[in-house]
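K.L.:
As they're listed, the protein sequences go chains A and B. Be aware that the first sequence starts at 1391, since it is given in the numbering used here, and climbs by one per residue. Be aware that the second sequence starts at 1391, since it is given in the numbering used here, and climbs by one per residue.
Don't read these hints as lab results, they were simulated from the structure. Keep in mind it's a predicted model, so treat the numbers as computed, not measured. A couple of the hints might just be wrong.
Identical copies carry no separate label here, and so any pair may be met within one copy or between two of them.
To be verified - Calculated lysine-lysine pairs in the DSS-like style (CA-CA distance at most 25 Å, straight line): (1) Lys-1462 with Lys-1535; (2) Lys-1466 with Lys-1535; (3) Lys-1501 with Lys-1466; (4) Lys-1535 with Lys-1455; (5) Lys-1428 with Lys-1455.
Number of protein chains: 2
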Amino acid sequence: MSLNDEVELLRQVPIFANIEPAKLKLLAFTSERLTFRKGLDLCVQGDPGDAAFIIIEGEADIIIKMDNGESKTVNKIGKHQIVGEIAILCDVPRTATVRASSDVIVLRISKDLFFRLVGEFPQMAVQILRELAARLENTTTQLAKALGK
Amino acid sequence: MSLNDEVELLRQVPIFANIEPAKLKLLAFTSERLTFRKGLDLCVQGDPGDAAFIIIEGEADIIIKMDNGESKTVNKIGKHQIVGEIAILCDVPRTATVRASSDVIVLRISKDLFFRLVGEFPQMAVQILRELAARLENTTTQLAKALGK
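Isolated chain A (complex conformation) (with noise of 0.2 Å):
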């Protein structure tokens, strides 16, 4: 895939959309691209967490490990979405297992790349908000439904 290619890829990422193209030629340099065949793991529940994972192609499904040691898909996500920054962001272990439930094609974003962005863009930053509620009024909404049952 040709520079400029790869540059039309990532502006259709929401969290990139308002980012200079000469920006996006160097993210795309300094980001890792990765594959995930289906059924692999791109993080674990209880790993450290050292990098974000923005989805270019395929889907993943997010799995929490319950108390009763059963495991349980709560969340899926797809093409431009971003996963794994919860660990950066609080400095804790991977808060569930995100795993390939078809052949996924992602960036993977350092830690340090992660808050670099950020700090830079701050329209980045919004949008990565915006994700992060969008998620956390889903993850309540499905709280409260097991808690009334």
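Fit chain B to the given chain A structure using the hints.
P.N.:
What follows is chain B alone, placed relative to chain A:
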């Protein structure tokens, strides 16, 4: 309270810690300070949301209405924390009721002001990201417990 006292107070709120005093003076002027007596609601689940609140003094319960109609306290917030930002970030109705569990003093930050601040001060955005991430982690843990029963 003098303007300098007011600025000093705002500097103790983590999300404002890295904002210059001159800007904090502007914030003290443009935001509204409100008092809620113990038992009163800062906001009510289902209502439209047009502002976030910074707790200056006191504590409040985060209460959600469950599917069976009962209410449950799922979280507590206290001094220097932010609350009510989900509805303005996601453009959804209030996802929970916030009820003063003691007399509470808040700084009410309108939606417009919130986005201006976050856009202008990346460090504030990062602090709010950390706060949201911590709350998401807490809610996910509670969900895992509730589902695993």
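K.L.:
Are the hints correct? Go through all of them and say.
P.N.:
Checked hints:
1. Lys-1462 with Lys-1535: Both: 15 Å inside a copy, 11 Å across copies.
2. Lys-1466 with Lys-1535: Both: 18 Å inside a chain and 20 Å across chains, each within 25 Å.
3. Lys-1501 with Lys-1466: This pair counts as within: shortest intra-copy Cα distance 23 Å, inter-copy 29 Å.
4. Lys-1535 with Lys-1455: both (18 Å within a copy, 9 Å between copies)
5. Lys-1428 with Lys-1455: So Lys-1428 and Lys-1455 pass the 25 Å test inside one copy only (20 Å; across, 38 Å).
The structure is consistent with each of the numbered hints, conforming to all of them.
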